[in-house]
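A.B. asks: One letter stands for each residue in the lines below.
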Amino acid sequence: MQKILTKTKVVGPAPIMMVLVLLIITFFLLSMNLGMIHLSPIELFQTLLGNGTDKQHMILFDFRLPRIVIAVLVGMGLAVSGAIMQGISRNGLADPGILGINAGAGLAAVTVIFFTADNPQNVNAYVLPFAALFGAGAAAALVYAFAWKQGVTAKRLLLVGIAVGAGISAIMSLIMIKMRFYTHMLATIWLSGSLWGTNWTFVLAFLPWIFILLPLAIYKARYLNVLNLGDEIATGLGTHVERQRLLMIAIAVALAGSCVAVGGGIGFLGLLGPHIARKLVSPNHKVLVPTAALAGGLLLLIADTIGKNIMAPYEIPVGIVVSAVGAPYFLYLLIKSKNV
Amino acid sequence: MNSLALKEEKLETNKKQRSNPILASTLIIVGIIAIILFTLVSIVVGAADISLDTVWNTFFHFNPDNTQHQVIYQMRLPRALVVGVVGAALAVSGAIMQGMTRNPLASPGLMGVSAGASFMLIIAFAFFPESPYHFLIVFSFIGAAIGATLVYGTAALSRGGLTPVGLALAGAVVSALLGSFGGAINILFELSQDLMFWYAGGVAGSKWIHVQLLFPLVIIGLVGALMISRSITILSLGEEVATGLGQKTVWVKAIGSIIVLILTGAAVSTAGAVGFIGLVIPHITRYLIGVDYRWVIPCSAVLGGLLLILADIGARLVNPPFETPVGVLTAIIGVPFFLYLARTDRREV
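Residue numbers (my numbering), protein chains in the order written: chain A, 1 to 340; chain B, 1 to 349.
By construction, these hints were calculated from the structure, which means they are not laboratory data.
One or more hints might be untrue.
[Claimed, not checked] Facing chain A, according to a computed beta carbon distance under 8 Å, are these residues of chain B, among others:
hint: 1; residue: Pro-129
hint: 2; residue: Glu-130
hint: 3; residue: Leu-162
hint: 4; residue: Gly-166
hint: 5; residue: Val-173
hint: 6; residue: Ala-176
hint: 7; residue: Val-241
hint: 8; residue: Ala-242
hint: 9; residue: Leu-245
hint: 10; residue: Gly-246
hint: 11; residue: Thr-249
hint: 12; residue: Pro-325
hint: 13; residue: Ile-333
hint: 14; residue: Val-335
Ideal Cβ placement from N, Cα and C applies to all residues, glycine included.
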């Protein structure tokens with residue numbers, strides 16, 4: 001850790017963040033063009049100005065735009081959540097998915113899908129995200145409680161996360177087996193992490209969460225620096241260690257929970273975002289957290305664009321695209337790490 | 001860990017080394033009697049009521065025109081046999097893995113072996129539907145090998161190997177990766193829910209063809225395991241000790257791994273990913289009779305078979321007439337045990 005802290009980066013954080021923002025805008029535009037029905041840049045421009053055909057208008061404003069917005073926001077939220085968890089546990093392998101949060105949200109979502117299967121329209125926008133958020137919180141609390149033994153260690157958290165995840169998926173299979181074919185497919189797609197069917201209602205339901213939690217997380221990021229020094233030093237510097245830690249964990253869980261609630265079981269993004277950020281900027285959390293947010297948003301946007309188009313007309317859930325990159329990267333981190 | 005603690009651990013291990021053969025043999029005999037007993041219970045219990053009388057008659061005065069005889073012969077009996085054999089195979093797999101790697105968390109479920117087998121089976125279902133059972137077994141083997149290679153390859157590449165926690169993480173991540181690829185195929189090919197049932201541990205469809213293919217493979221695996229059991233005991237004392245005693249550890253590990261792949265591949269291809277038997281049973285066995293693998297392996301086989309037979313009976317009784325996936329029942333035992341292991345930092349294998 002010491003070694004990394006003293007390592008200076010050639011480029012300052014501001015230009016790097018600018019580049020990330022530009023990349024997000026680029027892919028934003030690209031993603032608006034691409035899809036089952038291709039919109040040329042000119043058509044796109046005209047539709048944006050309100051001069052497109054009704055069909056073009058519908059494709060762009062009702063289908064593509066909300067989905068793109070959600071992809072960026074969910075990516076940001078998950079990456080920040082991962083950055084906080086890694087900062088708190090002082091372990092680069094911490095990720096909301098590994099810590100059982102996705103499983104908890106998944107179980108809640110599957111339960112809701114099961115009980116409201118007859119009327120799927122009602123489910124999606126309102127009940128599902130809240131249930132998933134509740135599930136995420138409950139799973140996080142469970143993992144934390146089981147890992148508690150005169151404090152928690154990162155290793156125990158990770159291990160207990162796997163155990164709780166295994167238990168939850170057993171219960172999940174119990175419910176999924178009773179589903180009919182269509183509902184079962186719906187649940188499978190949700191669990192794989194998919195931005196299918198996102199509309200403005202989703203965006204509106206999700207925005208308050210992200211607009212409160214994301215700035216809060218970035219504002220609180222300085223406490224991560226202090227907590228990173230170890231509990232004794234942090235206390236010595238006048239920080240209420242346990243209180244701040246609990247608050248940060250709550251922010252991280254709420255972020256991950258609301259993101260998974262909207263985006264489905266997307267794993268490994270909370271791992272990738274902060275790690276990419278760490279390669280780009282200094283490990284000072286005040287810079288790291290916003291950079292991780294941008295990297296996460298960009299990543300999920302790219303992944304969703306790929307998932308949407310690579311096997312068109314079929315869609316690959318974005319969570320699978322992210323896993324395909326994230327899981328090998330996790331293994332690579334494991335190979336490099338010394339203390340796990 | 002300092003050297004003193006290490007020495008103490010070795011002494012401790014040496015003390016437990018002397019497994020009590022009488023205790024172990026008693027365990028095996030009692031276990032086998034219990035297996036026979038509960039196999040009978042397993043045949044009697046189910047959607048259709050069947051009396052023990054009928055079971056007796058099926059065995060000794062089989063009448064092909066009698067529906068109940070047919071139910072017993074075509075459905076209940078092969079199912080009971082498959083369940084027992086699968087349980088034994090998974091438990092022995094876990095015992096070998098834990099002994100070879102000295103890792104208390106090693107088991108086919110946690111180390112990606114089952115996930116690999118499941119993944120290849122999904123591929124088989126998607127691209128080669130209607131393929132015969134022995135074809136599925138081959139896929140299952142390949143998958144088990146892929147999963148194990150990914151997890152243990154990660155461990156081999158990392159400097160100084162991985163700790164139990166690191167291996168468990170590698171296993172979880174490999175399982176997640178293979179699971180999400182499997183999920184993608186599932187979504188693209190709209191594979192039916194049967195897959196899900198099988199995935200959660202479906203033994204309901206067991207037929208004689210399964211028994212015929214499963215038995216020889218598992219027997220080969222078990223005999224092989226018994227043959228290398230002495231070497232595994234030595235290996236479980238630590239690589240240095242084993243090398244010091246003149247053991248060719250590479251060979252033992254290679255043979256052990258092949259046996260694990262045979263046993264797990266066969267089990268998963270038949271019963272799906274039944275979790276936790278391979279984790280829990282070896283721990284219980286070592287707790288009961290010590291760490292001599294000449295006894296741990298046969299006792300694990302007996303206890304594993306017994307546990308899965310019990311779980312399978314439970315699966316039919318929980319919510320009749322529907323069947324609960326047997327994997328859910330093993331998880332009820334397995335998850336708390338896993339949590340307990342996660343909270344204890346001890347390592348004794």
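A.B. asks: If a hint holds in the structure, say so; if it doesn't, say that too.
C.D. replies: Each hint tested on the structure:
1. The interface hint given for Pro-129(B) is broken, as the beta carbon of that residue sits about 16 Å from the closest beta carbon of chain A, more than 8 Å.
2. Interface restraint check: Glu-130(B) against chain A, minimum CB-CB distance 19 Å, threshold 8 Å, status violated.
3. For Leu-162(B), the suggested interface contact is upheld, since its CB lies about 7 Å from the closest CB of chain A, less than 8 Å.
4. Given the 8 Å rule on beta carbons, the hint for Gly-166(B) holds: about 4 Å separates it from the nearest Cβ of chain A.
5. For Val-173(B), the shortest C-beta to C-beta distance to chain A is roughly 5 Å, which falls under 8 Å, so the interface hint holds.
6. Annotation: Ala-176(B) was flagged as interfacial toward chain A, and the flag holds, the nearest CB pair being 6 Å apart, inside 8 Å.
7. Look at Val-241(B): its Cβ only gets to about 25 Å from chain A, farther than 8 Å, so that hint breaks.
8. Interface hint status for Ala-242(B): violated, as the beta-carbon distance to the closest one in chain A is roughly 25 Å, over 8 Å.
9. The interface hint given for Leu-245(B) is violated, since its Cβ lies 30 Å from the closest Cβ of chain A, which is over the 8 Å cut-off.
10. With a least beta-carbon distance of about 32 Å to chain A, the hint placing Gly-246(B) at the interface is violated under the 8 Å criterion.
11. The beta carbon of Thr-249(B) is not positioned within 8 Å of any beta carbon in chain A (closest approach about 22 Å), and the interface hint is therefore violated.
12. For Pro-325(B), the shortest C-beta to C-beta distance to chain A is roughly 6 Å, which falls under 8 Å, so the interface hint holds.
13. Of the supplied interface hints, the one on Ile-333(B) is violated, with its beta-carbon coming no nearer than about 11 Å to a beta-carbon of chain A, more than 8 Å.
14. Because the smallest distance between the Cβ of Val-335(B) and any Cβ of chain A comes to about 4 Å, under 8 Å, the interface hint for this residue holds.
The structure fails hints 1, 2, 7, 8, 9, 10, 11 and 13 (numbered hints given earlier, in ascending order).
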